[in-house]
Amino acid sequence: MIDRAYDVVIIGSGAGGGTVALGLAPLAEQGRRVLVLEQGPRLADEEFTGEELEMAEALYADSGGFLTADGTMTLAFGRVYGGSTAVYTGTSLIAEPRVVESWGVPGLSHTDLAERSRRFAEQNNVHLLEPVEINENNTLFAAGCEQAGFEAQQFPVNVKGCRGSSLCNLGCPNAAKQGTDRVQLPAAERRGVEVVSRAEATRIEEKLVVVRVSAAPAGGKGSPSEWEPGEYRVRAGAVVVAGGAVGSPALLLRSGFGKRLPRLGEGFTCHPAFILVGEHSREITNDVGHPKSYYVDRAVEEGYVLETCMYFPFVTAKSLVGFGATNESFLRAFPRLQMILVLACDRATAGNRVAVDSRGQPVVHYRFTDEVVRALAAGTRASARIFFGAGAARVHVPLASPPELRAPEAGEIDERIRPEHFVAGTVPVSAAHLMGGCGMGSSAADSVTDSWGRVHEHPWLRVADSSLFPDSLQINPYLTIMALADRVAEAIREDAIR
Amino acid sequence: MIPPGRRAFRSLAVTIVPGAARLDAEGWQDVEARIEAALRTRPPRLRRGLRLLVLALEWSPLLRHRRRFSRLDDARRTQILDRVQRSPNLLLRRGFWGLRTLVLLGYYGRSEVRRSVGYRADPDGWAALMGDFPTGPEDGIEGGS
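Residue numbers (our numbering), protein chains in the order written: chain A, 1 to 498; chain B, 499 to 643.
In short, the hints are calculated from the structure, not lab data.
Incorrect hints may have been included.
Claimed, not checked - Ranges of calculated distance between the beta carbons of each label pair, as one might list FRET restraints:
#1 B/L560 - A/A350: 53 to 59 Å
#2 B/W557 - A/S329: 43 to 49 Å
#3 A/G230 - B/H563: 33 to 39 Å
#4 A/E420 - B/R574: 42 to 48 Å
#5 A/G230 - B/R564: 34 to 40 Å
Claimed, not checked - One side of the interface only, derived from the structure: several residues of chain A facing chain B at Cβ under 7 Å:
#6 L53
#7 G149
#8 F150
#9 P313
#10 E328
#11 G411
Glycine is no exception: its CB is placed at the ideal position from the N, C-alpha and C atoms.
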């Protein structure tokens, strides 16, 4: 076991960890030792090839197929320098006041979060794409919304020099997406923050992190770790856990913090989602251009959000319910496909939680509530109307039996698309907005941390990622994660001058 | 997972993706190698479970149809897998989901197949498709909320 000592150790380099790293760069410049541990590899620019399977393996935990405990949903989260900011589409929304207020966290205001979010939006070059940059997969969505009576809003996105590869979810091959891997982490490193890749925090003890550094696998992507492979004991004045809504609660649980924090791991939400495809009679621009330009927010009224999306052949194929010739015929129509993602705005529910197994590995328990299934069904019906409104000839809808609707059947949408057709383990559901598990609140009885991410009864330990959310955000979460992480960095800076 | 039940596996794969019937020996090898590679990092119990599922599906029609799955016609194979994916038993449903996912990964992971379905995504984006790409403002903030 090799011993090291730092003033601050940050575990994770995504939207949370990367933000804290830059926020603590002033301390590094003053000679304090700040370390970021990232479990995944650091890739060179030329290693982002856009190849579906190899990039999924290189960038995601379990290649993007991390399964919930009962095996009925896959969770996608990044495990790479930059965390999930390397693999998201860069959609950048500020949390709604109603959501932050409903959390009821003492000391946390929407005004403060929104101000910080705007600052990160500016830092990450968030803007609306020009109409000429928006592909037909997106313009058809907007047109279909108009026809079907839905209000489509445009996503601000954090790109700079986007060439329209459409490969955001496989890591931008043109370094255009402004995630922490492109903005905050390099800036922090230039100012003296140390980042070590392939470094897994296996356990946290009082002001100490046990770390396992792995060798680069033969033939795999990414450079070797900055440290020699082996086991390390890293002493730290402060520890910031930013391993995401699965990784952070799991690390704290296997380190024994659950004994004094009964809410640790509880309150997991994830916006369960599925992909719908509609086929047009002509080829459209879909796998070129930024994939995600518009959304429809029906969270308040019906509990769902619709987003444009574009996925790759394997992900598209596995997202269709069932098997056989009809599914294959949708895939063979790839250049004519329009895609919509339906996300349910799930709420923190007893039993939906992160736990650890006997080896300390994360296990996510998740049950689809009736509300979630109803929201998915309502979102599916809305999507079918939007597809047909845009002129699609047929649509694949997981909540109909059979799951194919043709344009002349558009009048049957309400009868055909029913929540009763939702069968867990048959309908392919996935989630990428993982939240909760270390929720903020006022005491250990109702939460894990305070509004500044400080873990109750452990003043040297903080959390800075989406696990802080006491309930789901109901929009894409990364700006809110950055805003919360910025508060954590501010609190540590203040601690340092005391 | 594949060697002891290759025939069974391939008949299941063709039922899940009928286009797989057109694969030559090299194509099958490629599909199976991708699946084996994907399974390499998964827990051994998962690999064992999938091998068992393939064999169970191969022998399951014997009583009713007096034939193994791989000897049935397409309609009967489809009928059987449809029953499995709708089974009230979650373990069976998720087992089939896993098998289906692996078959799709092996098949649609092939560059030949991606090309054949018309998938065009290219790191050069608009430039690769049209020889040019649209440009928008690259700095300044618009619509942050």
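The hints, checked one at a time:
1. B/L560 - A/A350: 53 to 59 Å: violated (45 Å)
2. B/W557 - A/S329: 43 to 49 Å: About 31 Å separates the Cβ atoms of B/W557 and A/S329, which means 43 to 49 Å is violated.
3. A/G230 - B/H563: 33 to 39 Å: violated (58 Å)
4. A/E420 - B/R574: 42 to 48 Å: violated (27 Å)
5. A/G230 - B/R564: 34 to 40 Å: violated (60 Å)
6. L53: Status holds, d = 5 Å.
7. G149: A/G149 check fails; min Cβ-Cβ to chain B is 23 Å, beyond 7 Å.
8. F150: violated (19 Å)
9. P313: Since the shortest Cβ distance to chain B is 4 Å, the answer is holds.
10. E328: Because about 6 Å separates A/E328 from the closest Cβ in chain B, which is inside the 7 Å limit, the hint holds.
11. G411: Violated. Min distance 27 Å.
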